[in-house]
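Q: Okay, here's what each chain looks like letter by letter:
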Amino acid sequence: MSLPSVQEPLLNKISGTDQKQVKIPKKIPESLRRTKAINIPNLDETQIIRHFHHLSQRNFGIDTGIYPLGSCTMKYNPKINEEIASWPQFSCLHPHQHESTIQGTLQMMYELENMLSELTGMDAFTLQPAAGAHGEFLGMLLARTYHQNNNDSKRVDVITPDTSHGTNPASISMAGFNVVEIPSTEEGTVDVSLLKKTVSERTACFMLTNPNTLGIFESDILEIADIVHDAGGLLYYDGANMNAIMGKVRPGDMGFDIVHLNLHKTFSSPHGGGGPGSGPIGVSKRLIPFLPVPRIQKKKDTYGFTYDHPQSVGKIKGFYGNVDVLLRAYTYILMMGANGLQKASEIAVLNANYLKKKILEKPGFDLPFRDLRKHEFVLSAEELRKNKKVRAMDVAKRLLDYGVHPPTMYFPLIVKEALMIEPTETEPKNALDEYAQILHKIASEDAEIVKSAPSNTVVGRVDEVNATRNPVLTWKQIKESEK
Amino acid sequence: MKFIPNAAFEREMLKELNLSSIDDLFTDIPSSVQIKNLDLDEGLSQQETEKKLLRLANKNKSCQNMISFLGGGIKPHYIPAAVKSIQHRSEFFTAYTPYQSEASQGFLQAMFEYQSMIAELTGMDIANCSLYDGITAIGEAALMATRITKKSIFLIPSNLSWEKKSVLNNYAKGPSITVKEIAFNEKTGQLDESSLEKLLSDKVSGVYIENPNTFGIFESHIEQLIKKIHEYNALSVVGTDPFSLGIVKSPGEYDADITIGEGRGLGNPMNFGGSGLGLFACKQKFIRQIPGRLIGLTKDSNGNDAFCMSLQTREQHIRRGKATSNICTNEGLCALGTAAYLSWLGGNNLLEISKINFERGQSLSKAISKVNRFSKPFTGTHFNEFVIKSPIDPVSLNNKLITHGIQGGLPLQRWFPTMKNMMLFGITEIYDEKDIKRFISVLEEVIA
Chain A
18 MSLPSVQEPL LNKISGTDQK QVKIPKKIPE SLRRTKAINI PNLDETQIIR HFHHLSQRNF
78 GIDTGIYPLG SCTMKYNPKI NEEIASWPQF SCLHPHQHES TIQGTLQMMY ELENMLSELT
138 GMDAFTLQPA AGAHGEFLGM LLARTYHQNN NDSKRVDVIT PDTSHGTNPA SISMAGFNVV
198 EIPSTEEGTV DVSLLKKTVS ERTACFMLTN PNTLGIFESD ILEIADIVHD AGGLLYYDGA
258 NMNAIMGKVR PGDMGFDIVH LNLHKTFSSP HGGGGPGSGP IGVSKRLIPF LPVPRIQKKK
318 DTYGFTYDHP QSVGKIKGFY GNVDVLLRAY TYILMMGANG LQKASEIAVL NANYLKKKIL
378 EKPGFDLPFR DLRKHEFVLS AEELRKNKKV RAMDVAKRLL DYGVHPPTMY FPLIVKEALM
438 IEPTETEPKN ALDEYAQILH KIASEDAEIV KSAPSNTVVG RVDEVNATRN PVLTWKQIKE
498 SEK
Chain B
2 MKFIPNAAFE REMLKELNLS SIDDLFTDIP SSVQIKNLDL DEGLSQQETE KKLLRLANKN
62 KSCQNMISFL GGGIKPHYIP AAVKSIQHRS EFFTAYTPYQ SEASQGFLQA MFEYQSMIAE
122 LTGMDIANCS LYDGITAIGE AALMATRITK KSIFLIPSNL SWEKKSVLNN YAKGPSITVK
182 EIAFNEKTGQ LDESSLEKLL SDKVSGVYIE NPNTFGIFES HIEQLIKKIH EYNALSVVGT
242 DPFSLGIVKS PGEYDADITI GEGRGLGNPM NFGGSGLGLF ACKQKFIRQI PGRLIGLTKD
302 SNGNDAFCMS LQTREQHIRR GKATSNICTN EGLCALGTAA YLSWLGGNNL LEISKINFER
362 GQSLSKAISK VNRFSKPFTG THFNEFVIKS PIDPVSLNNK LITHGIQGGL PLQRWFPTMK
422 NMMLFGITEI YDEKDIKRFI SVLEEVIA
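So the sequences go chain by chain: A and B.
Going by the numbering used here, the first sequence opens with residue 18, and the numbers climb by one from there.
Going by the numbering used here, the second sequence opens with residue 2, and the numbers climb by one from there.
Hints were generated in silico from the structure; no laboratory data involved.
Possibly wrong hints are sitting among the right ones.
To be verified - Just so you have them, the derived chain B footprint on chain A, three or more residues with Cβ under 8 angstroms:
(1) 62–71
(2) 82–89
(3) 107–116
(4) 326–339
(5) 359–366
(6) 462–475
What the hints assert, rightly or not - Chain A stretches covered by chain B per the calculated footprint, using a threshold of three residues with CB under 8 angstroms from any CB of chain B:
(7) 44–50
(8) 283–294
(9) 370–376
Quick reminder that beta carbons are idealized off the backbone N, C-alpha and C, glycines included.
Build the full structure now, drawing on both the sequences and the hints.
A: In structure tokens, the structure reads:
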């Protein structure tokens, strides 16, 4: 990757002006007065802009190139989203402002809830969760409250396949449920007969991603829904892979009771180097009373918040959700419309299957499990490991040398040397062709070159083991470690 | 088709796959649940979209177009253009979580600097690189205190906002944490020391104290309170307003174990309470129990300095059901904004802005309490938020003020049923003495 290789000094190593003493107002209680300066350098704006500008040049984003991280849906983020989100009429609003001064935002949120309900086939939505995992946590709390409300508190188990995203079991535990992981079949799908044996009067919920993390659609979904429901459990839809099915099939129609969506994936809001995201939760009718407050209500042409929902779980986050992210998703849905969203999913699936075929045309990588995939697929680099001792990690690092971003690695765990690829619908055909060619090249390259990659990046391969063994997390700790 | 370049090559690509129709790619979906189309409007052009959104935007009234003295833990602060410019570098905002270190050195270093500056500001050893907001951070801190101490009671001030209590209550459900409330002193508005003493026991995992508290008042005895808490081997969790830290001691100086807070105001807009920034810092000895992502300095294969995610073994993508938190997506871009903001201000101006916020708060509260029949119910020294007792119902007062383009304080009865006629006001550096003057003259007019 041709990014500047000169190291950018740490901010506190850039020379600025001296620290000065400040007079603390007399009214501040003696016991609380600050006595020390704050050790943040005093620099000029020129220095700061250059510093962060140099840092940005040492970073790869979607605007740099293809970014096919599996299960992450790294699609292009339309620029208009950013422009609208930055309008002060939206961004400079206090959450407790007088209702007459926030009608535009309330209308946007109200309409977005309805749009998401239609997209997923659910009966109601809350926009409150700040991220997918946060939505999962809320979903688990809703399941818990639902069963408690039915005097059914013995339901303490939540079942999830071994291919599930890491957040699934983490959210299950965080809500106080037991995680029951079931192994997948040899086809990479839910083992229906095992599920039948696993469900019981202790089952609170079954948490499923469909298509699953292998990109395989769980074709037995209707039977799965019956099994879970007959046992008295709820069915949870992890919407991380929603980009595969918009306008083709809806979670609500498949029998799901709780659905989360990742607006920062499917609905084009940027990932921001880790966030902010948004993880709205949709539910079927029987769970509506438990949704967080406030809910948004429309009376004639006026929108308002309502808090009088006695069975509600309360709040999961301050205020009403990551409204700026909601605004981007709303903008995107308006632009795409019904046909555009359907086309996005169709081409996301076409791109994945096309890229998969292109890669498999030449030796190097295998595709465990069935051929037809949805928006993503998982390759195995096991042959390369066996033949050349080249691992999935090495392939990923070598991809960086060719100026493209690697796929998700070593996930799901049931595929050896996994490379999980999701190109999304926003990648042009030539980018897909080129990606396949690069992978072919890497597969045939000298093992030593691949194993020592990357060599064209701003730094060589980073020692992550050391970062965990000897964590140095701040400027202060650098000083201490130098002592 | 917008943002779908291959829509134009659909037939060609299908042919390569030996398929005749796009529907051949969806044959694995049971036909009984397949749908033909969605019941949504047809797509708009970008221009039409912008027009529609502008109509919506104009139904709002932003803080830039009125005077707003709303408190409640979130307030407008000035955002320098340089901060926005840095945040809008698309290499940052279109990047994913930095799993591939070699392609993410820029963002990783920015996050390392964010952690460093938060540690400097709070006086703590380490900080993570963000949680969702300051409110969920209370929940995560309670979970962390429970993990560390293996005890089951968590204490909070009774005058915490209803929203915070509700969120904490939800986070507490998993490990069945019992949350108990410490009374406040009706005269000073500060935490009641004897109430705390009564509640402290060997079963207490941690105590949450805000400084300044919900009423905006500084807890001047916090050092003593924390000593008491430590006598019971419980952890002290301090909620701070970062803007106050230029003039008051950092929580690290009075031995806080965990420091949290809302960092949004440091370089990020209010966004109607949207994307926030949960500050989370703690003592080094708790490093393996901290929730969220950590960025560390290490070496690359050539022996040069490089950054990467550290202690990933605590996180959900490795630990799954045994992770310290389920958090994955965080508030990275807001943390970047804060890193840019803090470096733009520098240590010196941080002290200055802190002082300005304090002084404006004093000035506004003094002015309001001079208005006939308005008064300050608490004697404790406050920062830039404070409680005022209004002679008339706060909701109807606000209804009158808004017709003059002024947003009054937050009616507190909604949170605390006994606090009739009490309002929580707040002010920051963006409003000056002129604005205060105008507010007071309108206030006098509407209650006359």
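Q: Look at each hint and say if it fits the structure.
A: Hints, verified against the model:
1. 62–71: holds (count 7)
2. 82–89: Satisfied; 3 residues make the cut.
3. 107–116: holds (count 9)
4. 326–339: With 10 residues close enough to chain B, the hint holds.
5. 359–366: Coverage by chain B holds here, the residue count being 6 at a Cβ distance below 8 angstroms.
6. 462–475: As far as the region 462–475 of chain A goes, the hint holds, because 4 residues have Cβ atoms under 8 angstroms from chain B.
7. 44–50: holds (count 6)
8. 283–294: holds (count 9)
9. 370–376: holds (count 3)
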